[in-house]
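Enquirer: The primary structure of each chain is shown beneath.
There are 2 protein chains.
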Amino acid sequence: MVHDKMLPEIYLTRHETGIYPWRQPNLFTPFWRCYWNPSEGGCLLVGERVFEMRTDRIYVIPGHFRFSTFARKPFEQFYIHFVPPEHVVFSEPGIHETPLTPECRALFLEWLELKEAGDEYSFRCEVIAAAVLCHALLSLPRDRMLYRESPGPLAERASALIRENIAHPLSNAELAMRCGTELRTFLRHFRKETGESPQQYSRRIRVEAACRYLRYSDKTIDEIAELTGFPDRYYFSRVFRQYQHYPPAEYRRAQ
Amino acid sequence: MVHDKMLPEIYLTRHETGIYPWRQPNLFTPFWRCYWNPSEGGCLLVGERVFEMRTDRIYVIPGHFRFSTFARKPFEQFYIHFVPPEHVVFSEPGIHETPLTPECRALFLEWLELKEAGDEYSFRCEVIAAAVLCHALLSLPRDRMLYRESPGPLAERASALIRENIAHPLSNAELAMRCGTELRTFLRHFRKETGESPQQYSRRIRVEAACRYLRYSDKTIDEIAELTGFPDRYYFSRVFRQYQHYPPAEYRRAQ
Chain L
1 MVHDKMLPEI YLTRHETGIY PWRQPNLFTP FWRCYWNPSE GGCLLVGERV
51 FEMRTDRIYV IPGHFRFSTF ARKPFEQFYI HFVPPEHVVF SEPGIHETPL
101 TPECRALFLE WLELKEAGDE YSFRCEVIAA AVLCHALLSL PRDRMLYRES
151 PGPLAERASA LIRENIAHPL SNAELAMRCG TELRTFLRHF RKETGESPQQ
201 YSRRIRVEAA CRYLRYSDKT IDEIAELTGF PDRYYFSRVF RQYQHYPPAE
251 YRRAQ
Chain H
1001 MVHDKMLPEI YLTRHETGIY PWRQPNLFTP FWRCYWNPSE GGCLLVGERV
1051 FEMRTDRIYV IPGHFRFSTF ARKPFEQFYI HFVPPEHVVF SEPGIHETPL
1101 TPECRALFLE WLELKEAGDE YSFRCEVIAA AVLCHALLSL PRDRMLYRES
1151 PGPLAERASA LIRENIAHPL SNAELAMRCG TELRTFLRHF RKETGESPQQ
1201 YSRRIRVEAA CRYLRYSDKT IDEIAELTGF PDRYYFSRVF RQYQHYPPAE
1251 YRRAQ
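Chains L and H are the protein sequences, given in the same order.
Here the first sequence is numbered in our numbering, starting from 1 and rising by one per residue.
Here the second sequence is numbered in our numbering, starting from 1001 and rising by one per residue.
Hints listed in this document are in silico derivations from the structure and should not be mistaken for laboratory results.
For glycine and all other residues, C-beta sits at the position ideal for the given N, C-alpha and C.
Any given hint might turn out to be false.
[To be verified] Distance ranges between label pairs, derived from CB positions:
(1) L:101 x H:1056: 19 to 27 angstroms
(2) H:1156 x L:24: 40 to 48 angstroms
(3) L:101 x H:1113: 18 to 26 angstroms
(4) H:1141 x L:17: 25 to 33 angstroms
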């Protein structure tokens, strides 16, 4: 409300053991991932290149980057799925590794202790995950962490309206009216400030919301289409595919 | 949306020098504060007890706790205003001190460097503040950081509706309908699950939102009354006073 959303948003923090065969081909999602594997066996695959995940490294993988995973043997993993604020972009997507510090190791071990005591979903566990995530983000090379130019006040107001109305998208005319501008001026300024048309922006945001539902909820495809403002599942699938390469059901299975 | 809000929300992060006379009598706000003073001079006052703020300590002050501030001489301060997730409570409000670690000091110094380079509002600065805050929160005594019992699904749905409609509060009948229950059942369950009536809960949430606007925006009292769903500034002032002991204008001046 009063403040801008400036911090990453964590969708999921988990610890799992015995992960195998971890076969996830062609992952491509809007979420970022942060991994630490306390045991060996997990592998990341980018094109032809294999990364054998090390136990003394934290891995950060920005969103909108295509990679696959597999395991050589069952392994243990902490993972955090998150998104940075909208205006933060990473100039060279890829697998980013950073050494595991003793402080981070201690944090992970406390997380495990809390999990074993049945406190996995406690506030303390979340703060530990956030502390690890902050550490990992601060270790990303500064010159690769860029800021999208802040859009002008008109695009800012309009994009807030679009985000608040995911389930009931507003038309260009409604957006213009609620921003207090004439339609043609509105369209020209929005594109100039963001590089997209309002409806392109709206579709992208709604597909990203759909990805979250597919990944982190058990709602049906019909429900998700409705929640993200698509008139029916067929139209939803068609648009979704344009952005994510897979239809929604396949996207969900691949996660 | 899919996930619960589990992390603290940061309203404000700042660094200031030459703070004097720092006279804030009887602070009492819903926000928590986290301070580090790189130079001496700042003091906290709780009842008759004076805390001379040390340069080798981080201070955390939970919300809804009454204290005053003053300065013996101009001093330098980093401060973060935040709120933890709604279901987190601190059993013994008070001034909590924790030693400044070398890692935290390094983070603060990097923040200062970024500020001097004109990057005070960058994502990196926010992540640094979040890292410091996580550290401070993890140092609070675990047994004083409690979790409110998670309310049942009905109160959870209803309180989300209340929070989403700050400017246009819903009646009990509307809330019951949108939760798919009969009015009397709704009222009984809401009170049982939360200890408050829906309208008490709504007023409390709206007064807290008003506090944020008063503290962190320059909107007028009339605008704030409208934004927080009060029919006019007179009614707004009366309700606000019941919760915050001051009328809105005085509350704003005291901050």
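Enquirer: Are the hints correct? Go through all of them and say.
Expert: A quick look at each hint next to the structure:
| no. | hint | verdict |
| --- | --- | --- |
| 1 | L:101 x H:1056: 19 to 27 angstroms | holds, 22 angstroms |
| 2 | H:1156 x L:24: 40 to 48 angstroms | violated, 32 angstroms |
| 3 | L:101 x H:1113: 18 to 26 angstroms | holds, 21 angstroms |
| 4 | H:1141 x L:17: 25 to 33 angstroms | holds, 30 angstroms |
Violation of the numbered hints given earlier is confined to hint 2; every other hint is satisfied by the structure.
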